[in-house]
Amino acid sequence: MSAASSSPARRHALSPARRLQNTLMGGLILLATLLVVAPLILIFLYLLREGFAAMFNLDFARAREGLGAVFSGANLDFFTKTPAPEGEKGGGLANAILGSIEMLAMASVIGVLVGVAGGIFLAEYPRHPLMPTIRMVSDVLAGIPAIVMGLVAYGLIVLKFGFSGLAGAVALGFLMMPIVVRTTEEVLKLVPQTVREAGLALGLPKWLVTLRIVLPAAAGGIITGVMLALARVAGEAAPLLFTAFGNSAVNLDPRGPMSALPLEIYRGATSAYDENQRLAKAGALLLITLIFVTSLLARRASRRK
Amino acid sequence: MSEPTQTRSPRPAALSSASDRLFQGLILLLASVIVLVFVLSLYQLGRESWPALSRFGLGFFTERTWNPVEGTFGAVAMITGTLVTSLVALAISVPLAVASALFVAEYAPKWLANPVGYLIELLAAVPSVVYGLWALFVIAPMLGQWQLTFFNPQTHPERVELYTKCAALWAENKTTLQCFFVPNAGGGRGLALAIIILTVMILPYTASVARDVIRLVPQDQREAMYALGATKWEVISRAILPYARAGILGGVILALGRALGETLAVAMVIGDSQDILKSFFGNASTMASVIANQFGDAQETLHRSSVVTLGLTLFVLSVAVNFVARLIIARLTPKGIQ
Numbered sequence: 036m037s038a039a040s041s042s043p044a045r046r047h048a049l050s051p052a053r054r055l056q057n058t059l060m061g062g063l064i065l066l067a068t069l070l071v072v073a074p075l076i077l078i079f080l081y082l083l084r085e086g087f088a089a090m091f092n093l094d095f096a097r098a099r100e101g102l103g104a105v106f107s108g109a110n111l112d113f114f115t116k117t118p119a120p121e122g123e124k125g126g127g128l129a130n131a132i133l134g135s136i137e138m139l140a141m142a143s144v145i146g147v148l149v150g151v152a153g154g155i156f157l158a159e160y161p162r163h164p165l166m167p168t169i170r171m172v173s174d175v176l177a178g179i180p181a182i183v184m185g186l187v188a189y190g191l192i193v194l195k196f197g198f199s200g201l202a203g204a205v206a207l208g209f210l211m212m213p214i215v216v217r218t219t220e221e222v223l224k225l226v227p228q229t230v231r232e233a234g235l236a237l238g239l240p241k242w243l244v245t246l247r248i249v250l251p252a253a254a255g256g257i258i259t260g261v262m263l264a265l266a267r268v269a270g271e272a273a274p275l276l277f278t279a280f281g282n283s284a285v286n287l288d289p290r291g292p293m294s295a296l297p298l299e300i301y302r303g304a305t306s307a308y309d310e311n312q313r314l315a316k317a318g319a320l321l322l323i324t325l326i327f328v329t330s331l332l333a334r335r336a337s338r339r340k
Numbered sequence: 008m009s010e011p012t013q014t015r016s017p018r019p020a021a022l023s024s025a026s027d028r029l030f031q032g033l034i035l036l037l038a039s040v041i042v043l044v045f046v047l048s049l050y051q052l053g054r055e056s057w058p059a060l061s062r063f064g065l066g067f068f069t070e071r072t073w074n075p076v077e078g079t080f081g082a083v084a085m086i087t088g089t090l091v092t093s094l095v096a097l098a099i100s101v102p103l104a105v106a107s108a109l110f111v112a113e114y115a116p117k118w119l120a121n122p123v124g125y126l127i128e129l130l131a132a133v134p135s136v137v138y139g140l141w142a143l144f145v146i147a148p149m150l151g152q153w154q155l156t157f158f159n160p161q162t163h164p165e166r167v168e169l170y171t172k173c174a175a176l177w178a179e180n181k182t183t184l185q186c187f188f189v190p191n192a193g194g195g196r197g198l199a200l201a202i203i204i205l206t207v208m209i210l211p212y213t214a215s216v217a218r219d220v221i222r223l224v225p226q227d228q229r230e231a232m233y234a235l236g237a238t239k240w241e242v243i244s245r246a247i248l249p250y251a252r253a254g255i256l257g258g259v260i261l262a263l264g265r266a267l268g269e270t271l272a273v274a275m276v277i278g279d280s281q282d283i284l285k286s287f288f289g290n291a292s293t294m295a296s297v298i299a300n301q302f303g304d305a306q307e308t309l310h311r312s313s314v315v316t317l318g319l320t321l322f323v324l325s326v327a328v329n330f331v332a333r334l335i336i337a338r339l340t341p342k343g344i345q
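Taken in order, these protein sequences are the chains called V and B.
Okay, so the first sequence: first residue is 36 according to our numbering, each after it adds one.
Okay, so the second sequence: first residue is 8 according to our numbering, each after it adds one.
Derived from the structure by calculation, the hints contain no laboratory data.
These figures come from a predicted structure and were not determined experimentally.
Just so it is clear, CB atoms sit at the ideal spot from N, CA and C, and this is done for glycine as well.
Be careful, since some hints might not be right.
[Stated by the list, open to error] Computed far set for chain B versus chain V, every beta-carbon distance over 10 Å: (1) Gln31; (2) Leu60; (3) Ile86; (4) Leu90; (5) Val91; (6) Val145; (7) Pro160; (8) Tyr170; (9) Thr238; (10) Asn290; (11) Gly318; (12) Phe330.
[Unchecked claim] DEER-style ranges, computed between Cβ atoms: (13) Arg97/V x Thr308/B: 25 to 33 Å; (14) Glu232/V x Ser24/B: 13 to 21 Å; (15) Glu123/V x Phe68/B: 44 to 52 Å; (16) Arg97/V x Ser244/B: 52 to 60 Å.
[To be verified] Okay, the calculated bits of chain B under chain V, using three or more residues with CB under 8 Å as the criterion: (17) 64 to 74; (18) 107 to 116; (19) 295 to 306.
Just chain B, same shape as in the assembly (with noise of 0.2 Å):
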């Protein structure tokens, strides 16, 4: 934090009167409240996932058979989608997030920098169940309409018959290397339009936290580089971009962790479905659209446990993102900026 040093001048001890120990009372109290949030969600997570995580341990987490009718839940289906929707988004924001923020902080005139620096901020303002409504009216119909294409049996009757031959995999519920690209024929939703729709929202964390890393790197560094003849992108390269990487790497992890708990934009566009990885644009779920999708309808004990179950990861998991992000950050920026 940039606070200067704080002075306290020493008071007589009259004046420090029980009013103000009063006072100090209070607003300890009312912020005790933030404390008690974080407490009370731990253990209400914890307490009502407590009968699935009794009946199935660990298994829970390996196991890959979800069956609300037969009553066996694991997550491994969910956890997988999680994981692979959040980095695969990841690793397609973040070059674009990056060089998005260089554009602003080293390139664009101050005119143009500041709309540009707004625009990508209201990005981060639109409501994840716009994204999803966006996503399914607008995206999904034009990933259906290039799958129609893609497997026009007059141009590529060899695709046809490919996927012909994978729908017969995908029924006994059999995943191969050579099925994974194949498009579903299903109306454009699926893991690759949650994958798209995630990677536009988790620019704009990335991309103002590179923002302000690289404008904190000092103008020395920039100017003995250019008194070398380094170009542009020279200095870019070796002399901002290394001095901030920690710094981003820092709003990378931020964004992760808001991949991981995106809910309702991925929910309302992944399939629901809780095969592992049938295919790249097959349907899927994540462990945040399960929660959604079903724990209004759960009625059974286990069930209804089950999912909770699902929201306590999340918690544990986000909680364990966010402190190594404010970890990252606090530590490798020492002015501080978040």
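For reference, chain V alone in the conformation it holds in the complex (with noise of 0.2 Å):
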């Protein structure tokens, strides 16, 4: 980026004091960095460490012993067991992965909707009188704290219905439809003017433009948005800890209390039994890698468009 500033001749001309200063400033800036960088590499190892030996039972203590005893209790308990009662051994997490995975499924609805149509509306009616409250409120809603807004679902949705899958899945909803609506809003202004302007020349309405020819246009940079709030929303627990309130059971039905990775791993991370730590460990260790490979696919995508 700057040549210039290694020709020798200058170099020479550098009061000791200016050279030192500047040799000094460059290495804290790359001490800063490293230290930014290291919380990330010493959390996911850790993780990759004790979450992978809890994830399967194994036993590195044993290694000495060799390979099997390593293995000898290894099993797939974590991915198909619900959690053994407190202070047993064994168990696992089935109830919180599918809990995740279906009310993740249920708050994209929400998110993916609204989210979607608010960007269009943002990008495709720029004239239009309620524009920028909308991108405003869109904008300020981003902030909004995760435990507040389950305080606000607790309020519109659990008082009336009881905890519930259902409940926890609007919060993740309302969580993830300013993220939606703003990736939204920015890949359709990439889409060229002159497109939109070619399908009206044909004679086609605004909506079937917009339907038809912006839309698919902007499509992969869309569903990169939706895979980057689902990203987002997938770790979040406070604002499931008095909506869906989590379940030591599989519960498939969205009007009961329903569990979720976060849930399990705030709660085992907490709790004073080794077993319940254990799976908190190898529960992390799940949501870290599947939020990583999520967004790095949705990133690589994106450049790539």
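Fit the two chains together into the complex; they arrive one by one in their own frames, and the hints show the way.
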């Protein structure tokens, strides 16, 4: 970026104080960057080490006795069983995995429907008198703490119908909306104006141009946005604390309490029982892997566009 | 927004049919859900916090005692906890975030800049509970261990003596400056741990906004400085940072908004105590952590309503903070990057 700074003639003209300052600040900036990146690497390594063993019941403590000893208790209970009763060994997070999938699917319905419509509105009807209001409210909603959304969903749904997976999904859907709105608006604006004009010139009404020409052209970007929004809310436990509430059994009925991965991680990490802590670490590894893979795929897809 | 000026070609009136109006109405209806959610949230929070607000009035925000047993609720402890954790975390994270942004935008060669940028963005993707789990299982034991060596009676008898004195003061709920930095002999949980984990959590928000505005600084600015014989640091400190200052400030305020509302990681590590700033290493609470820890157990109307009032306060606070941040970003970076 700055080939100019390394010309040898000027190097000599620099006073030692200025050169020292330059080197020092460069070093500090490098150091700070290492400090910023370090926690991520440390967290991931920690979860890989602890979570992997916890997920498959491996016993690395007996590694000296050979591979057989490490794998002697290995199983897939984590994915197929529900948590064992407090204080007992074994069990898995099948309830949380299924609950997370179901709630995220339901949340996507709200998030995608409202979010994409909001994005279309902001991008395609920029002269509408309501446009500034909707843009501002959507920006503001993006900054509302997730736990506050939990309180809202509690008041709107739980008070009337009780704890339910549906209430959790609504809270998550509300959190997804503004993210989808923003990305949809941005990718729609990338579609050249001439494409719209070409459609209109053929005599198509505006709604057909929007649905059949503009949206398909932007579909990749919109899917990326939805994936990012999903990755974002998949890790939220705060709004689920008093909406979905959690459930130690598998429950697929959206009208009843439901578990989710982040909820089980929270419960397990703050629990005094080793076995619950083990499940929490394995759950955290699973969750963080899913989130990283999703956001990396989404970013890669959007970069290629 | 970097949109080209939209020039609508005039169309024959006949083609702008009823179906167009129907479609626009449908889209508007769906988009209005966003506004509806906002209004409903405000209404819901307002209605539920009414019992507490009408009982305590503004005293809710100035009263220190939070005692569900006696039925007195004042939020000073949580408000202080929220402000102290957020602002200290912000103060630590901003220089780090700006430095990492400078590294990515100015120092690193392209093959390194992209992966490092990725990693910093992934930092924002780590869920709050996972940060909390890591802090509890990894950092808290380290802090706890450090406190044990700090209070080793063999090597530092005078520190143990000071701690005994402070513990007596804390028991009477007294705070002195002398005792503020004396570690609590807890397991490492408390205000300090919450600040550490918040610092990490809000880093990526400032960093990514800072990186974007630094990249917007016109190349001429840099070249002019280099032509005058400036060093790289001089270019950064006199040409780039002043130019990007406003945008960075917007990013900082966005990060502040995140920090104020950050819930579970903080709730897991802060120790959940309603004492006001006894010690930097002692237990404390924030508004969000109290909601997470107490709302489920709050049976009485007044207790429940007081917790929701904390939620309403957070709601209003984050709306205000985000509004200011967007205003700054929108006004001071004319080409618009957000």
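Hints, one by one, checked against the model:
1. Gln31: Its Cβ does come within 10 Å of chain V, the nearest being 7 Å, so this is violated.
2. Leu60: holds (15 Å)
3. Ile86: holds (15 Å)
4. Leu90: holds (15 Å)
5. Val91: holds (17 Å)
6. Val145: The claim breaks: Val145/B does not keep its Cβ more than 10 Å from every Cβ of chain V (closest is about 6 Å).
7. Pro160: The assertion about Pro160/B holds, with a minimum of 29 Å to chain V.
8. Tyr170: holds (26 Å)
9. Thr238: violated (4 Å)
10. Asn290: Non-interface label stands for Asn290/B: nearest chain V Cβ at 14 Å, farther than 10 Å.
11. Gly318: violated (4 Å)
12. Phe330: Per Cβ check, Phe330/B is inside 10 Å of chain V; nearest 7 Å; violated.
13. Arg97/V x Thr308/B: 25 to 33 Å: violated (56 Å)
14. Glu232/V x Ser24/B: 13 to 21 Å: Given about 18 Å between the Cβ atoms, the range holds.
15. Glu123/V x Phe68/B: 44 to 52 Å: holds (47 Å)
16. Arg97/V x Ser244/B: 52 to 60 Å: Taking Cβ atoms as reference, Arg97/V and Ser244/B lie about 56 Å apart, which means the hint holds.
17. 64 to 74: This one is violated; 0 residues, fewer than the three required, reach chain V with a Cβ under 8 Å.
18. 107 to 116: Contact hint for the stretch 107 to 116 of chain B vs chain V: holds, 6 residues under 8 Å.
19. 295 to 306: holds (count 5)
Consistency with the previously given hints fails for numbers 1, 6, 9, 11, 12, 13 and 17, ordered from lowest to highest.
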